[in-house]
Amino acid sequence: MYAIAIHGGAGAVPRATLPPERERNYREGLEAALDGGYAVLERGGTSLDAVATAVRLLEDHPSFNAGHGAALTRDGAAELDAAVMDGRQLRAGAVASVRHVKNPIDLARRVMEKSRHVLLVGAGAEEFALEEHFSLVPNQYFRTAERLEQLESEQRGERVSDLVPPAPQGTVGAVARDAAGNLAAATSTGGMTNKRPGRVGDSPIIGAGTYAKNGVCAVSATGHGEYFIRAVAAHHVCAAVEYRGLTLEQAVHELLHGILRELGGDGGLIAIDHAGRVVMDFSTEGMFRGARDAAGRREIAIY
Amino acid sequence: MSRRKITAIVFVLFLGMAGSVSAAAPPPIAIVIHGGAGVIESSKMSPERAASYRAGLAAALDTGYDVLARGGTSLDAVMAAVRVMEDDPQFNAGRGAVLNHEGDAELDAAIMDGSGPRAGAVAGVRHVRNPIELARLVMDKSPHVLLVADGAEEFALEQGMALVPRGYFRTEAREQELENARRAEAAPTGKPTTLIAVPGGEYSMGTVGAVALDRAGNLAAATSTGGLTNKHRGRIGDTPLIGAGTYASNESCAVSGTGQGEYYIRQVVAYDVCALVQYRHMTLAQAVHEVVQVKLRRTGGEGGVIALDRGGNIAMDFNSAGMFRGARDSRGRRDIAMYRDAGH
Numbered sequence: 001m002y003a004i005a006i007h008g009g010a011g012a013v014p015r016a017t018l019p020p021e022r023e024r025n026y027r028e029g030l031e032a033a034l035d036g037g038y039a040v041l042e043r044g045g046t047s048l049d050a051v052a053t054a055v056r057l058l059e060d061h062p063s064f065n066a067g068h069g070a071a072l073t074r075d076g077a078a079e080l081d082a083a084v085m086d087g088r089q090l091r092a093g094a095v096a097s098v099r100h101v102k103n104p105i106d107l108a109r110r111v112m113e114k115s116r117h118v119l120l121v122g123a124g125a126e127e128f129a130l131e132e133h134f135s136l137v138p139n140q141y142f143r144t145a146e147r148l149e150q151l152e153s154e155q156r157g158e159r160v161s162d163l164v165p166p167a168p169q170g171t172v173g174a175v176a177r178d179a180a181g182n183l184a185a186a187t188s189t190g191g192m193t194n195k196r197p198g199r200v201g202d203s204p205i206i207g208a209g210t211y212a213k214n215g216v217c218a219v220s221a222t223g224h225g226e227y228f229i230r231a232v233a234a235h236h237v238c239a240a241v242e243y244r245g246l247t248l249e250q251a252v253h254e255l256l257h258g259i260l261r262e263l264g265g266d267g268g269l270i271a272i273d274h275a276g277r278v279v280m281d282f283s284t285e286g287m288f289r290g291a292r293d294a295a296g297r298r299e300i301a302i303y
Numbered sequence: 001m002s003r004r005k006i007t008a009i010v011f012v013l014f015l016g017m018a019g020s021v022s023a024a025a026p027p028p029i030a031i032v033i034h035g036g037a038g039v040i041e042s043s044k045m046s047p048e049r050a051a052s053y054r055a056g057l058a059a060a061l062d063t064g065y066d067v068l069a070r071g072g073t074s075l076d077a078v079m080a081a082v083r084v085m086e087d088d089p090q091f092n093a094g095r096g097a098v099l100n101h102e103g104d105a106e107l108d109a110a111i112m113d114g115s116g117p118r119a120g121a122v123a124g125v126r127h128v129r130n131p132i133e134l135a136r137l138v139m140d141k142s143p144h145v146l147l148v149a150d151g152a153e154e155f156a157l158e159q160g161m162a163l164v165p166r167g168y169f170r171t172e173a174r175e176q177e178l179e180n181a182r183r184a185e186a187a188p189t190g191k192p193t194t195l196i197a198v199p200g201g202e203y204s205m206g207t208v209g210a211v212a213l214d215r216a217g218n219l220a221a222a223t224s225t226g227g228l229t230n231k232h233r234g235r236i237g238d239t240p241l242i243g244a245g246t247y248a249s250n251e252s253c254a255v256s257g258t259g260q261g262e263y264y265i266r267q268v269v270a271y272d273v274c275a276l277v278q279y280r281h282m283t284l285a286q287a288v289h290e291v292v293q294v295k296l297r298r299t300g301g302e303g304g305v306i307a308l309d310r311g312g313n314i315a316m317d318f319n320s321a322g323m324f325r326g327a328r329d330s331r332g333r334r335d336i337a338m339y340r341d342a343g344h
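Going line by line, the protein sequences match chains H and R. Numbering follows the working numbering, in which position 59 of the first sequence is assigned residue number 59; successive positions increment by one, without gaps. Numbering follows the working numbering, in which position 287 of the second sequence is assigned residue number 287; successive positions increment by one, without gaps.
Everything hinted at is true.
To give a feel for the contact side, a few chain R residues facing chain H, derived at Cβ under 10 Å:
id, residue
1, ALA121
2, ASP238
3, GLY261
4, ASP272
By construction, these hints were calculated from the structure, which means they are not laboratory data. For every residue, glycine included, the Cβ atom is placed at its ideal position computed from N, Cα and C.
Throw the hints in and build the complete structure from the sequences for me.
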């Protein structure tokens with residue numbers, strides 16, 4: 001069965017602070033990404049194309065913390081991270097700290113397909129983008145009035161960052177299984193609001209924020225990245241399924257509500273197993289998420 | 001009760017049961033180091049060079065061991081051992097690191113404290129004399145785990161670290177290696193030579209690392225590297241990625257890897273060794289064998305790992321021709337080796 005799941009970040013999203021029109025805006029963004037990715041699968045496309053398509057749509061949507069509308073560093077710039085992994089041969093590509101790449105997920109995919117490397121960072125990653133004929137955009141392209149406001153209040157010492165636009169921990173991601181049984185995962189983020197330049201979270205780290213292995217599972221995480229790195233979160237879920245025979249649900253639950261809780265880190269993740277079963281779980285108040293599969297399931301949820 | 005506490009109690013019980021064997025013996029302390037894996041063959045190495053590598057490895061091993069013997073932490077021991085190899089120009093880390101396509105050293109390092117788990121890492125730094133020290137500061141003094149490039153150096157300055165010019169890292173031998181690699185790349189048959197060994201510069205997969213177990217029973221791991229000769233600017237390998245090239249948890253083991261980093265990243269090698277120990281209940285040697293000789297081989301990934309568990313069990317395994325390595329513990333073991341047949 002082919003299926004796709006997406007997330008648009010986890011964090012404190014109290015119902016009361018999310019006005020109806022904003023909620024509608026998020027839901028529409030999630031729907032567009034979910035259906036865009038699903039359409040690829042429906043046409044017989046690969047899970048890799050499906051997750052890349054869904055994530056690109058979320059990157060282009062200003063309400064989510066990735067691409068256009070990403071959270072800003074303490075210097076007021078956007079610094080973007082992304083990763084993609086193809087569960088077929090454990091191929092992976094990732095970029096970190098890029099400032100002028102419109103769709104970091106496209107560059108991550110290019111790293112996987114056209115370089116002999118997995119991870120490129122900073123100016124070197126952008127040099128590679130130019131070599132691959134990407135046109136770069138000014139950093140200003142990513143900046144939105146809302147993110148500037150968010151940065152300013154954060155810098156004034158107000159802890160509003162978990163509110164609208166939600167999630168300094170916002171990150172976007174997708175996991176999918178295609179009709180041929182291939183699994184793939186993709187994640188993209190602007191990181192934390194007011195972050196130190198050069199800080200890299202879990203998103204572009206294979207095994208931490210992103211992982212896919214055919215026959216086992218595919219995972220994309222969102223949350224307090226440092227904890228997800230230390231716990232090797234995404235790979236932990238797959239190892240628990242592969243080595244201990246846990247169900248995907250049990251593995252995800254143990255990670256989020258056991259291991260990460262004990263370490264003091266919160267967040268959420270989406271995962272899909274070899275049969276196309278989707279798990280979406282979080283330890284925060286909410287997580288923007290959606291899932292759609294060939295059996296007719298189609299849902300979008302926030303709380 | 002936390003899983004960690006349970007593990008600690010089980011461990012104490014285990015020691016109690018083993019008491020009849022080692023009556024009043026203190027828990028073991030141990031350190032294992034590597035100085036890179038690759039085409040390291042006795043036929044290609046002059047006796048002088050072999051002696052020089054051995055001396056470099058011995059200095060790092062004993063410096064780290066001394067920290068443990070004085071009652072220091074495994075974290076301080078792995079850092080001390082790695083710092084010695086960073087300062088030694090024959091190893092690919094710190095001074096004497098390999099050069100990227102533009103002729104600069106771009107350095108990566110990570111450290112992990114198995115009792116936390118806490119971790120710190122830096123990548124793509126170009127002016128930090130001892131990247132392992134900066135990784136430790138990231139762990140100890142920032143809320144982050146990984147800082148890269150200019151942002152990492154900004155943090156170094158904020159922490160009062162003095163930066164060094166890029167020329168500090170460059171050695172004649174590495175400049176020659178880079179030139180050879182560029183020439184090979186430009187040749188019509190040019191396949192990507194830099195991923196494996198550079199002709200005429202057999203040691204380009206070098207990375208240095210250490211894992212240790214201290215008297216308190218805490219594990220730690222540290223790894224530092226200049227990456228690949230002629231690498232693309234900004235390329236990051238497995239070394240600074242927690243779970244890929246470096247991992248330590250008191251619940252399982254401590255691992256430091258060296259090899260073709262891209263394979264190590266995709267297979268999350270260091271963490272996979274520990275997951276096999278913890279969840280598949282393999283011995284450390286079995287887990288390391290499974291990852292290095294089966295899983296990495298299957299995908300074509302070349303290199304090795306060193307690993308250590310809380311019982312003081314040591315594993316050093318590689319699927320390349322050789323690996324610079326050493327191990328020392330309080331049971332009297334002290335080896336330094338580089339070729340396939342141990343003892344050489």
